[in-house]
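2 protein chains.
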Amino acid sequence: MTDVVDLLRAALGDAVSTEADALEAARADKSGQRSAGAPLAVITARTVEHVQAVLRSAHEHGIAVVPRGAGTGLTGAAMAGPGELVLSTAAMTRILEIDEADQVAVVEPGIRNADLNRALEPHGLRWAPDPASREISSVGGNIATNAGGLLCAKYGVTREAVLGLDVVLADGTLMRLGHRTVKGVTGLDLTALLIGSEGTLGIIVGATLKLTPIPTGAVATIGATFPTIEDAAAASAAITAARIRPAAMELIDPVALAAILRHLGLPDRAPGTAHLLVQTDGEAAESEARAALAIITALGGTARMTTDQEEGERMLAVRRAMHPAMESLGQVLIEDVAVPRSQLPAMFAAIRTIAERHGILIPTVAHAGDGNLHPNLVYEGDEVPDVIWRAAGELFEAALALGGTLTGEHGIGTLKRRWLVDELGDEQLALQRRIKQAFDPRGILNPEKVF
Amino acid sequence: MTDVVDLLRAALGDAVSTEADALEAARADKSGQRSAGAPLAVITARTVEHVQAVLRSAHEHGIAVVPRGAGTGLTGAAMAGPGELVLSTAAMTRILEIDEADQVAVVEPGIRNADLNRALEPHGLRWAPDPASREISSVGGNIATNAGGLLCAKYGVTREAVLGLDVVLADGTLMRLGHRTVKGVTGLDLTALLIGSEGTLGIIVGATLKLTPIPTGAVATIGATFPTIEDAAAASAAITAARIRPAAMELIDPVALAAILRHLGLPDRAPGTAHLLVQTDGEAAESEARAALAIITALGGTARMTTDQEEGERMLAVRRAMHPAMESLGQVLIEDVAVPRSQLPAMFAAIRTIAERHGILIPTVAHAGDGNLHPNLVYEGDEVPDVIWRAAGELFEAALALGGTLTGEHGIGTLKRRWLVDELGDEQLALQRRIKQAFDPRGILNPEKVF
Numbered sequence: 001m002t003d004v005v006d007l008l009r010a011a012l013g014d015a016v017s018t019e020a021d022a023l024e025a026a027r028a029d030k031s032g033q034r035s036a037g038a039p040l041a042v043i044t045a046r047t048v049e050h051v052q053a054v055l056r057s058a059h060e061h062g063i064a065v066v067p068r069g070a071g072t073g074l075t076g077a078a079m080a081g082p083g084e085l086v087l088s089t090a091a092m093t094r095i096l097e098i099d100e101a102d103q104v105a106v107v108e109p110g111i112r113n114a115d116l117n118r119a120l121e122p123h124g125l126r127w128a129p130d131p132a133s134r135e136i137s138s139v140g141g142n143i144a145t146n147a148g149g150l151l152c153a154k155y156g157v158t159r160e161a162v163l164g165l166d167v168v169l170a171d172g173t174l175m176r177l178g179h180r181t182v183k184g185v186t187g188l189d190l191t192a193l194l195i196g197s198e199g200t201l202g203i204i205v206g207a208t209l210k211l212t213p214i215p216t217g218a219v220a221t222i223g224a225t226f227p228t229i230e231d232a233a234a235a236s237a238a239i240t241a242a243r244i245r246p247a248a249m250e251l252i253d254p255v256a257l258a259a260i261l262r263h264l265g266l267p268d269r270a271p272g273t274a275h276l277l278v279q280t281d282g283e284a285a286e287s288e289a290r291a292a293l294a295i296i297t298a299l300g301g302t303a304r305m306t307t308d309q310e311e312g313e314r315m316l317a318v319r320r321a322m323h324p325a326m327e328s329l330g331q332v333l334i335e336d337v338a339v340p341r342s343q344l345p346a347m348f349a350a351i352r353t354i355a356e357r358h359g360i361l362i363p364t365v366a367h368a369g370d371g372n373l374h375p376n377l378v379y380e381g382d383e384v385p386d387v388i389w390r391a392a393g394e395l396f397e398a399a400l401a402l403g404g405t406l407t408g409e410h411g412i413g414t415l416k417r418r419w420l421v422d423e424l425g426d427e428q429l430a431l432q433r434r435i436k437q438a439f440d441p442r443g444i445l446n447p448e449k450v451f
Numbered sequence: 001m002t003d004v005v006d007l008l009r010a011a012l013g014d015a016v017s018t019e020a021d022a023l024e025a026a027r028a029d030k031s032g033q034r035s036a037g038a039p040l041a042v043i044t045a046r047t048v049e050h051v052q053a054v055l056r057s058a059h060e061h062g063i064a065v066v067p068r069g070a071g072t073g074l075t076g077a078a079m080a081g082p083g084e085l086v087l088s089t090a091a092m093t094r095i096l097e098i099d100e101a102d103q104v105a106v107v108e109p110g111i112r113n114a115d116l117n118r119a120l121e122p123h124g125l126r127w128a129p130d131p132a133s134r135e136i137s138s139v140g141g142n143i144a145t146n147a148g149g150l151l152c153a154k155y156g157v158t159r160e161a162v163l164g165l166d167v168v169l170a171d172g173t174l175m176r177l178g179h180r181t182v183k184g185v186t187g188l189d190l191t192a193l194l195i196g197s198e199g200t201l202g203i204i205v206g207a208t209l210k211l212t213p214i215p216t217g218a219v220a221t222i223g224a225t226f227p228t229i230e231d232a233a234a235a236s237a238a239i240t241a242a243r244i245r246p247a248a249m250e251l252i253d254p255v256a257l258a259a260i261l262r263h264l265g266l267p268d269r270a271p272g273t274a275h276l277l278v279q280t281d282g283e284a285a286e287s288e289a290r291a292a293l294a295i296i297t298a299l300g301g302t303a304r305m306t307t308d309q310e311e312g313e314r315m316l317a318v319r320r321a322m323h324p325a326m327e328s329l330g331q332v333l334i335e336d337v338a339v340p341r342s343q344l345p346a347m348f349a350a351i352r353t354i355a356e357r358h359g360i361l362i363p364t365v366a367h368a369g370d371g372n373l374h375p376n377l378v379y380e381g382d383e384v385p386d387v388i389w390r391a392a393g394e395l396f397e398a399a400l401a402l403g404g405t406l407t408g409e410h411g412i413g414t415l416k417r418r419w420l421v422d423e424l425g426d427e428q429l430a431l432q433r434r435i436k437q438a439f440d441p442r443g444i445l446n447p448e449k450v451f
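Order-wise, the sequence lines are chains A and B.
In terms of UniProt numbering, the first sequence opens at residue 1 and continues consecutively.
In terms of UniProt numbering, the second sequence opens at residue 1 and continues consecutively.
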């Protein structure tokens with residue numbers, strides 16, 4: 001296998017690295033997990049041809065390839081281990097085209113989501129997917145995981161914002177999927193199939209993105225507290241049921257809120273206090289916010305509403321402080337279940353029961369507009385203890401029992417593989433494996449991930 | 001093979017028909033085409049178990065099965081011929097659930113699009129896909145073709161309005177794909193893959209649909225005429241570029257307009273006159289319509305705007321009269337190319353050149369908001385003459401050369417099979433066939449369609 005590394009180095013020069021630091025970095029992502037050992041080499045592709053060359057060699061020699069973007073994934077999908085090659089598209093960061101008339105951008109996969117959106121802003125356009133990681137995550141990674149974010153209840157997930165993909169298959173074949181038009185139904189929708197496939201079907205080397213106008217009009221923000229998380233969740237469900245469509249609607253449970261307030265140096269609230277953030281935008285921003293405010297107050301919330309942008313940002317800062325606040329508690333396993341919106345109160349109750357049963361902390365935030373919860377399972381030490389895995393398993397069971405899903409926006413990766421069959425069933429899992437085989441008959445692309 | 005029909009009749013009773021009328025009806029759809037001869041039998045499934053029973057038998061005996069809904073397709077995908085079984089889901093029309101809180105409906109595939117939306121209206125909800133055929137086409141057929149319609153530039157296509165599918169595979173296995181939650185990325189997105197697969201991968205027997213609130217606020221409608229279709233297309237492109245998002249924006253070319261005016265008994269316009277219809281909705285309806293009106297006038301259009309609902313409906317009636325007006329011209333082959341929006345003027349010019357070259361009429365309407373054109377190639381007699389096929393081929397070439405696609409919303413079926421490889425290329429077509437095989441190893445589901 002070292003021979004292949006030598007061959008690649010001869011062909012690709014300094015794009016191939018076997019430096020200890022590079023190998024070590026590729027063992028991990030942002031999941032807190034780490035692979036069993038160092039991979040063979042990290043190839044930082046600068047062109048599509050680099051990607052093709054690596055896959056042709058790997059295919060010929062039967063060597064596993066782990067595709068990698070910015071390495072910000074939360075499920076271990078980009079972690080590489082012994083005997084594997086890492087193929088990074090992080091250096092392919094060019095914007096090839098911004099077409100204002102057709103509202104389309106053509107980009108390389110390595111560009112950061114926020115960098116792309118900063119480049120689009122002068123054109124009055126944006127790419128709607130806005131994962132919380134947007135400053136550090138790449139467009140290619142957003143596509144590989146079908147990333148969601150704060151705005152997607154109103155503005156859609158990644159799948160709805162991608163028109164076409166350039167993909168290199170396991171054998172090095174470059175394939176252009178999809179189209180540049182808004183609509184198109186020519187053959188099977190392989191673009192949609194690739195989105196969220198977590199590097200198991202092909203390597204994304206280019207994307208034709210559907211852009212949308214940056215919303216105009218006011219932005220209104222509401223920060224509200226409730227005596228319990230169930231009350232707060234009931235209010236968010238009532239807002240959805242009232243046909244109000246907030247741009248963002250975030251729930252913060254009491255455990256998370258206490259940690260965030262401590263982290264920000266703000267005074268404590270009464271035990272059990274939960275937080276609800278609502279932001280509306282567009283022409284109806286104010287009237288929608290006033291309607292939401294009335295619901296919040298009627299359901300026992302204490303709320304403040306503003307149309308001042310800076311004050312709105314300060315309110316959102318509470319939610320944005322979640323990740324740093326968690327770091328002060330210890331290590332966290334970040335989970336990502338989703339349930340039908342009406343089941344949010346039941347899911348929060350289930351999380352509390354599970355935390356109490358195991359004597360652990362599970363601070364939880366949720367994108368309430370789409371029923372997606374992020375329970376953070378807190379633990380000490382370098383390894384995820386068994387009790388945390390057991391609690392995670394019970395979380396998944398509870399979500400599935402409520403008509404939900406294992407993962408709303410992070411993906412399966414290595415972390416949730418053991419539960420995949422619980423949701424899909426044996427027959428669908430077998431079908432998914434046959435499809436994987438149609439793309440990658442030798443099984444070299446991101447093996448032991450997802451399936 | 002008659003044995004299989006006998007076996008099915010023994011098992012399913014009067015769900016199995018070999019009546020001449022039923023067989024004859026299943027030879028055609030709304031494409032104007034007809035299969036080479038009568039199929040073996042038509043099975044009108046009333047339950048999921050019926051569908052499974054038919055597929056188990058067909059799979060065992062290697063008999064082709066043509067899935068069929070309302071039979072309103074425009075590409076021949078539901079046409080059945082000698083040696084084939086027709087499996088119709090048209091009688092499975094129940095709404096199993098409407099959940100207002102989660103904005104979800106669970107339905108059987110045979111329900112008509114418009115019937116579903118009438119049932120949703122009292123709940124203040126709708127299922128957004130609105131093909132022009134909505135009164136006669138089924139939800140299952142809308143899903144099998146990823147149907148578009150007049151509103152989809154603003155409100156999305158079918159793929160964006162389906163959360164989960166119950167599908168019976170070729171061997172009779174029932175599989176539940178997707179989920180009930182708004183978000184979910186567990187494994188490969190087989191729901192998206194099934195949408196638009198035209199009956200080649202499985203038979204849709206149930207769907208979990210994402211509903212959206214019926215827009216509130218005013219509706220504003222503009223009817224405008226321009227001296228040429230290129231002027232009208234330039235105005236529609238300018239409206240899009242100005243970040244206005246009409247609910248519907250329809251172009252009618254001079255040949256189509258003349259036929260429609262004649263059909264409606266309205267006075268002729270000057271030769272070359274083209275029509276542009278714009279409808280805006282929601283809170284910003286009036287301000288958006290006024291901005292569109294200013295653009296239309298500045299670009300040489302003569303326009304009338306109304307916020308009166310009845311007058312707006314009368315304006316839209318011009319567009320709705322397209323299909324009946326075509327019937328007065330002769331037979332038509334309805335095409336469905338899509339191009340990037342900025343290329344609409346170029347595509348209209350190409351259509352005129354092709355029509356003149358062959359001495360034929362190609363009245364054309366377009367969903368301007370998403371660049372989707374429906375050229376209607378007019379001919380006489382029962383068979384599509386060679387000159388029409390040649391002209392259609394040139395249309396496809398022109399669309400592809402402009403960065404477009406063969407089909408925006410009707411699908412490939414049998415009509416566009418010969419051009420599929422021109423868009424996909426040999427390698428992608430081979431990959432699509434391997435995926436088909438992963439679902440249907442014996443190739444019994446809708447053979448000779450699409451691929």
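Please keep in mind that the hints were generated in silico from the structure rather than gathered at the bench.
Where is the CB? At the ideal position from N, CA and C, for every residue including glycine.
A couple of the hints might just be wrong.
As the list claims (entries may be wrong) - Examples of chain B residues lying across from chain A (beta carbon under 10 Å, computed): (1) LEU96; (2) GLN103; (3) GLU160; (4) LEU193; (5) LEU201; (6) VAL219; (7) LEU329; (8) ALA401; (9) LYS416; (10) LYS436; (11) PHE439; (12) GLY443; (13) PRO447.
Right, here's what the structure says about each hint:
Interface restraint check: LEU96/B against chain A, minimum CB-CB distance 14 Å, threshold 10 Å, status violated. Below 10 Å, beta-carbon pairs count as interface contacts, and GLN103/B has one with chain A at about 7 Å; its hint therefore holds. At about 6 Å, the closest approach between the beta carbon of GLU160/B and any beta carbon in chain A falls short of 10 Å, and the interface hint on this residue holds. Below 10 Å, beta-carbon pairs count as interface contacts, and LEU193/B has one with chain A at about 5 Å; its hint therefore holds.
With its C-beta approaching chain A no nearer than about 8 Å, LEU201/B sits inside the 10 Å limit, and its interface hint holds. At a threshold of 10 Å, the smallest CB-CB gap from VAL219/B to chain A is about 15 Å, leaving the interface hint violated. Interface hint status for LEU329/B: violated, as the beta-carbon distance to the closest one in chain A is roughly 26 Å, over 10 Å. Checking ALA401/B against chain A: minimum C-beta separation of about 12 Å lies over 10 Å; hint violated.
The interface hint given for LYS416/B is met, as the beta carbon of that residue sits about 8 Å from the closest beta carbon of chain A, less than 10 Å. Using the Cβ-Cβ criterion of 10 Å, the hint placing LYS436/B at the interface with chain A is satisfied: the shortest such distance is roughly 8 Å. The criterion of a C-beta within 10 Å of any C-beta in chain A is met by PHE439/B, whose closest approach is roughly 7 Å, and the hint holds. Evaluation of the GLY443/B hint against chain A yields a violated restraint, the C-beta minimum of about 15 Å exceeding 10 Å.
Interface hint at PRO447/B: violated, since its Cβ lies 16 Å from the closest Cβ of chain A, which is beyond the 10 Å cut-off.
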